[in-house]
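**Student:** Listed below, chain by chain, are the residues.
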Amino acid sequence: MMHIDRGLGAGRRAAALAIAVALVAAPTALAQSSAAEGIAKYREALQDGNPAELWEARGEGLWKEPRGPAKASLEQCDLGLGAGVVKGAYAQLPKYFADADRVMDLETRLVWCMVKLQGTSDADARKNPFGNGTDRKSNIEALVAYITSESRGVKMNVSLAHPKEAQMYKVGDKIFYFRGGPHDFGCVTCHGADNQRIRLQDLPNLTKVEGAQKAYTTWPAYRVSQGELRTFQWRLNDCFRQQRFPELEFGSDASIALTMFLAKNANGAAFDAPAIKR
Amino acid sequence: MTARRILFAALFAAILVGCATSPSDDRISVDASTMLKSSFKARGQAGLDRLDQDDTQRLCSEAAGKTPPREVAERIEKQNLATIQYPADGKLVGDWKNGEKIAQEGRGKQYSDDPAGPVGGNCYACHQLAPQEVAYGTIGPSLYRFGKLRGYGIEMQRYAYGKIFNSEAFAACSTMPRFGHNGILSEQQIKDVTALLMDPASPVNQ
Amino acid sequence: MADPMKIRASLVGDTTEVKVLMSHEMETGQRKDAQGVVIPAWFIQTVTVTHGGKTVLAAQWGPAVSKNPFVSFKFKGGAKGDKVTIAWADNRGDKRTDEATIA
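Residue numbers (my numbering), protein chains in the order written: chain A, 1 to 278; chain B, 1001 to 1206; chain C, 2001 to 2103.
No lab work stands behind these hints: they were computed from the structure. Hints are not guaranteed to be accurate.
[Stated by the list, open to error] Straight-line alpha carbon distances no greater than 30 angstroms define the calculated DSSO-like cross-link-like pairs of lysine-lysine that follow:
(1) K1037/B x K1066/B
(2) K41/A x K2083/C
(3) K116/A x K1041/B
(4) K2019/C x K2074/C
(5) K2019/C x K127/A
(6) K1041/B x K164/A
(7) K164/A x K1066/B
Kindly generate the complete structure, drawing on both the sequences and the hints.
**Tutor:** This is the structure we're talking about:
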C-alpha cells in the first residue's frame, strides 16, 4: 500500500475543484464557502509530511555545527531567553537586546550571532536571506525553520516593556497605515477589513486580534506553489513588492517595526508554525 | 513690530498644529517616515521617490484605515477632481475586449516587472466583472452589470471614466488606485476599461 | 550531495507505518527559466525500501511527482528497534540512502 503526495498536482486538483464548484452554482456565498472548504481540505491533506521539516532538520544542523572564521556553533546565541535557549524563544520576539541596544526580530538576531560568535562579516551573514532551489539555499531560512519549530504550541508573549519596544510598536502601527507609491497602496489596503479576497485568496484582517493571531502564528510556512520555506521577513518583503514599493531591506528597522506590530497583536495565541500554505 | 507679528504668527501656527493631532503622534509619524526612508532600497523601476507621499496619501495614512473627517474628505475629493483629464476627442468608451485583457493583467509597476510593460489594471483582483471570470476578489464592490443597472448615458460614462482616472475624486481614501492621475494606465487603456463597464455588448452587462 | 531524508517509522499493531520526506527538486523538464530556456528534467527514478535484508517497497517514479516528495506506506513484519533503510536514485546518477529505527 503506497500513497504519494503530489503537492503541486494536488494543488491543481483543488483549484479545479474550486472552479468547478463555482461554475455549477452562481457565484454566491454558498459557492464561496464550498471553495473555501475545498481549499481547507487540501490544506488538511498537506499537513502530514510538511516539507518544512526538511528545512527544520537542516537548520538544526546549522545551529549546532561549528562554522565561520571563528569555527563556532550558534549554540551560545542568546535569542532573548538566555544563551542557547531555543525552546519558546520565538514566541517572545521581537524584543530589545541590551548588547545591541536595538529591538531585533529573529532574523536580525541570527545575523548578529553569526557576526559576534562565528566571526562572519555582516554582509556575508545577510547575503542570502531568501533561497531559490538547490543552487541557492538560504541558511537563514533553515535556521528560522528550526528555531520557530521549537516554539510550536507556545503562546505568543511579546513585551512592550522597554521604551524602544513600545516605540517600535507605535512606528510599526504607523507604517501599517502608510499609503504610497503609484498605486497608493499600504498594508491596510488588503488587510484592513474582514472577509476580503484578492482573486480567490482570503486576506486576513490584521487590524483585529483574531486576524493578526491567525496570520502571524502560521509563518514561516512551506509554500507549495514555490517549493520553498518562507519566513516572515520574506512575507513582508514580497507584500511591499506587490504594493509597488521599492525593495524592503532584509532586517531593516521598518521590517522589525511591522513585525513587532503584528507579533504583539498576536499575543495570547499559540504559535503554530512552520505551517504549509498553497 | 514686524518681528513681533512673525512671532505671533509662528505661535498661532504652532497652536493650530497642536490642536490637529497630539504632538507625540506627529513625532511618531515623522519617525515612521524617517525609518521607511532608511529601510528600503531602489530596485528596478521602483525608486525611493515612491516613498514620498502626496497630500492625499498623507491625509489618508493619517486617517488610519477610517474615513477621514468631513472637511478633510472634501478637500481630498476637490483636489483630485481637478486632476481628471477627459479625452480631447470626447470619446470615453473604447474596446471592451481590450478592457477585459487590461482587467485581467496583474503586472505593471512592481520592481520585478519589465518597465517596458505590460501594465494592467488588475481589476479582477478586487472586483467581480464579467461572470465568466470566477476568480475575482472582493476588496471592491461587484461591478457585474455596471452599465445595465445604471444606464449607458454620457453622465454615467463620464463617472466611470473619471472614477478609473482618479478614484479619490469621488470617495476620499478609497482603496482603489488612481490609474490615470498616477500614470498607471494610458488614456486609451482607461477608455477600454470604461467600455468593459459601459458597452452594452460587454460580458459585464449580459 | 542531497540533504538527508526525514523518516518516521512506527509500529501500529502488527504493521509498521513509514513516512518519508525527501529533499529533491523533481524538475519536470517542461518548465522554462526567465530567459525562456528549458530547465532540464531532474527527478528521482527509483525508490527502494529494505527491512531485515528484504525489499519491502520498490517504486519507479517519473517527473510528475512533486518537489520535496512525501511517501507514506505500511508493511507487516517489523518490530520495535528494527532498522528500515530507504534509498533513492535520480536520473542524474545522484543517490541517497538513509536509515531509521522503528519506534
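**Student:** Does each hint fit the structure? Answer for all of them.
**Tutor:** Consistency of the hints with the structure:
no.: 1; hint: K1037/B x K1066/B; result: holds (25 angstroms)
no.: 2; hint: K41/A x K2083/C; result: violated (34 angstroms)
no.: 3; hint: K116/A x K1041/B; result: holds (26 angstroms)
no.: 4; hint: K2019/C x K2074/C; result: holds (9 angstroms)
no.: 5; hint: K2019/C x K127/A; result: violated (35 angstroms)
no.: 6; hint: K1041/B x K164/A; result: holds (24 angstroms)
no.: 7; hint: K164/A x K1066/B; result: holds (27 angstroms)
Hints 2 and 5 from the earlier list are contradicted by this structure; the remaining hints agree with it.
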